[in-house]
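Chemist: First to last, the sequence lines map onto chains A and B.
With the first letter of the first sequence counted as 1, position 42 gets the number 41 in the working numbering; the numbers rise by one all the way through.
When you read off a place in the second sequence, starting at 1, and then add 537, the result is the number in the working numbering.
No false leads were slipped in.
Chain A regions said to be covered by chain B (calculated; three or more residues, Cβ under 8 angstroms):
(1) 141 to 151
(2) 182 to 189
(3) 250 to 259
(4) 266 to 272
(5) 275 to 283
(6) 294 to 300
(7) 308 to 320
If you are wondering where the hints come from, they were derived from the structure by calculation, not from laboratory data.
Here the structure is a predicted model, which means the values were calculated and not measured.
Glycine is no exception: its CB is placed at the ideal position from the N, C-alpha and C atoms.
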Amino acid sequence: MSVLVYIESEEGKFKKASYEVASYAKEVAGMMGTSVTAITINAGDTGELGTYGVDKVLKVNNDKLSNFNAEAYADAIAQAAKKEDTSLVVLSQSANSKYLAPLLAVQLEAGYASNVVALPESTDPFTVKRNAFTNKAFSFTKITTDVKIVGLAKNAFGLKEAQGEAAAEDFSPNLSDEDFTVNVESVDKATNKVTIADAEIVVSGGRGLKGPENWGMIEEMADILGAATACSKPVSDMGWRPHSEHVGQTGKPVASNLYIAVGISGAIQHLAGINAAKTKVVINNDPEAPFFKAADYGVVGDAFEVVPKLNEKLKEFKEKNA
Amino acid sequence: MKILVCISHVPDTTSKINFTEGDTKFDTSGVQFVINPNDEFGLTRAMWFKEKQGASVDVVNVGGAETEPTLRKALAIGADSAIRVNVQPTDGFQVAKQLAQIVKDGGYDLVIAGRESIDYNGGMVPGMLAGLIDANFVNNCIGLEVEGDKATATREIDGGKETLTASLPLVIGGQKGLVEESDLKIPNMRGIMQARKKPLNVVEPSETSVQTEVVKFEKPAPKGEVKLVDPENLDELIDLLHNEAKAI
Ligand SMILES: Cc1cc2nc3c(=O)[nH]c(=O)nc-3n(C[C@H](O)[C@H](O)[C@H](O)COP(=O)(O)OP(=O)(O)OC[C@H]3O[C@@H](n4cnc5c(N)ncnc54)[C@H](O)[C@@H]3O)c2cc1C
Ligand SMILES: Nc1ncnc2c1ncn2[C@@H]1O[C@H](COP(=O)(O)O)[C@@H](O)[C@H]1O
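Pulled out of the complex, with its shape left as it was, chain B reads as follows (with noise of 0.2 angstroms):
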């Protein structure tokens, strides 16, 4: 099984968001990178597809020189080589059809990307791409078996959770629960050093178009001040929930 995990390069979750050039640009000095944590499950989950059952994993981004630290993470978890498509991710679509080109030319059977980036939080590329290479898709995926062609991936839905059966090519979105969070996989020394090996190959982009454009960001305006309420006097709590919040 030749498996192709989608790597999206997203700001830590701590970091300040802030923006220039006039509001359009996202600020990313002194703004640390890391592996999206959505794809970072699905990761881990391919690394177990390749020790139990011998499948081979590559890992693509579609992004400039700089998201390369970050392939090479994927690699020293223990990917076998990694693909970045020179161009600026630009939105959803466009990644998409950059991420088809790919599954086309290298003929993977099982695409794990992950449910949502936390930068743009779209959730469009993994189901965008399933729509365009014609594979069957599962979204918020939390479990995922693969037996020759046919794949049993577990759901989550709306105050539970659903089993679905498909067969491959198979997109999935996939987030928590595709792994324990405790068997999230991190690199070691012997898998830096051996990273440095591996192949990491810059492709041009496919020709493609783009379908949205932002135009400019915005900071939500700055919160009031709470408002304290002594724990002697509840009935005041309740007064504003009902009568200014209009919450109860």
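So here's chain A without its partners, still in its complex pose (with noise of 0.2 angstroms):
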């Protein structure tokens, strides 16, 4: 009966991610008078989410699932979902977990909500509120079938702590062959850096720096926050910057905290990716610029100025408050 949640770990850690669904969850399962399941896939210490909720953790170890397979992952929280007799699963809008929910929706026949943004309106019709047409509106969505999948929006509910302790319990899914017919060869990752899927804070330029030779203040200021640097996708077409930092409708969503717009004008394909981010800052010398009709805070200035003074005072901010 329980409400199970699928808590990624990457390396065996947690992300802030994790934590937002294992609350979510924690918070419907109120609603339904019911506990919380975790399955966790070759995580390591499970202590943490109890704090979040969680009850129980069912924790999978197998080497087979040391990369991610979206058909294996789907299998072994299906069987999971099975064991526990689940009404809900709860996932993040991760790429992995978007990639392996509509899998695990046809094994559970389960209906699926992607893209949610809030706790659900009622749990009899279970009935949440999701984004739509690239953030410009919300659907509100009946879920009709028995089993239910709702996918949480980054940053969409929060972390909320609880008191708990989550029992942990060894599953062991059972895998066969044919969960294995997608193989990874091999991987081309960046590493130590923030990646857009998981920064808190993202610092994007666009046009408006006119060269790929003054994106260092863009990184300065990146590295200052311990932010994720983007860009606009004219930005990435001229090769100013790599196409993996592209947001907007064709490239990256961004569901940060908070978004910093310097030199991008907001035109409405740029918007669509990036609405959903809850603070937004541009900075742009034309004040007719949109993107001040989109944003919560502006700085009508020339970039060239206006960022190596932001800097040099979000560097005294962050010295003072360590």
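The task is to assemble the complex, starting from two chains supplied on their own in separate frames and drawing on the hints.
Modeler: Here you go:
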């Protein structure tokens, strides 16, 4: 009966988004009068999960699962859901969770609501609020199946601590060769860099920065704030920055706590991808730039003057508040 | 190789989003519809397989007659034939079920869909379809090669990419990167003329059920005015970000 939450880890460690889905699961379990069971795959110490409301952890440890594999992971989660007689599975909207969720939905014959941004309006009928139309609207979706899957959008709920202890239990799903028909041959990943998906703060530059040689001050700001760097589409198209930094409707989505846009006009396709960021700051020398309509805070000024000054002040602030 | 490209018919990105009938229906008046951008990348990649490897390419949409201009556009870009499953799409599962039937009937080896559609942003259809027909599945696909019945796909991951191998039948959720944007195919006059003569088959839906229902839509609350900070007084910005927004 319990709510099952899939808790992702990377190299054995949990991320903030993992605690967020746990907090959410706890709250929904409360509405439904049940408990929270988590499933982890090759995670290390799971004690921390109790702090976010998890009552029980099913720990899967299996070398065959050391690389993410959507089919096999979905199968493991489906078996946990059946074992726990779960009526609700909660997962994050990381790229990996989005990959496995529809496979899991088919296995469990479950209705799946993606991009959920709030607690259910009601749990009977089960109705949730979701982002739609690239963040330009919300849809309220009713899931009508017995088993339900909710994909929680990043930073939509936040963290909630609870008093509790998570009892850990080993769980060995039955995996067959059929689960391993898509295989990883090689991985090409920048290490030691904050990724846009994980970052709490994203500092982004646009065509207003004139050329790749001027990105030093953007990287400096990102360094000071522990932020990821990003850019608008033309900037990556021109090869000033790598494609992996392109954000917007056709690029990576941003759902960070803070988004700082420097020299970006704020075209609708750019905003579509960053609307989910909580607080938006724009630095642009054109007071008519559309971004000012979408931002919370703005500085009208020349980036080449404003950014270096702001970096100095941010450094002072960080030193004081360290 | 037989390729099926799934085409979702979506409002152009600059469309105004409004709702009617007590916020239960998307207001299509004055809205320009286009091929979902992720599907455009997939369709152009499919054309590459057609030209270089002699693949056949069909396109499919699950939707009403109003989507036919979008399918004709895909034919003008170079698809061989189009299929329209004559039912209004209501949820990702229902669409995936219809597509599964088309794939079974047509014996397709490779199904190219998009990572997500830009209207309901479900990101559900390709994975569900793969699950229903028991095909391999690669999401966030930014590169694809096929040799015989072996596919090599590149997937975007957080902070990088990875290379995967899988045998056909395969479903991908494609996106930008599958082809260069400058290589995206647009219909030319000859293509448009030919498209008029290509088959667009309308098939009736197979039996299905839905798992989710949209109860209503809502537009976000209007945003407050931006707070402007004097470039000479950046301390104020830091103060606002720290104390008001609690963002740093
Ligand atoms: C189908 C489609 C999909 C798209 N998808 C995306 C997407 O995913 N992401 C994306 O970003 N775009 C996307 N675009 C492109 C988008 O429409 C815009 O063209 C793009 O976002 C503009 O980038 P920009 O703001 O960097 O450049 P510009 O529009 O050229 O703006 C530069 C800004 O810098 C300011 N500026 C200039 N000098 C200075 C200075 N010294 N100091 C401060 N400010 C200065 C200018 O006032 C201007 O506002 C898409 C377009 C289409 C048609
Ligand atoms: N009605 C539809 N007809 C055909 N293909 C669709 C339809 N809806 C979605 N798809 C395909 O599934 C992908 C993802 O859509 P979605 O799951 O709605 O985000 C799209 O990019 C299309 O390739």
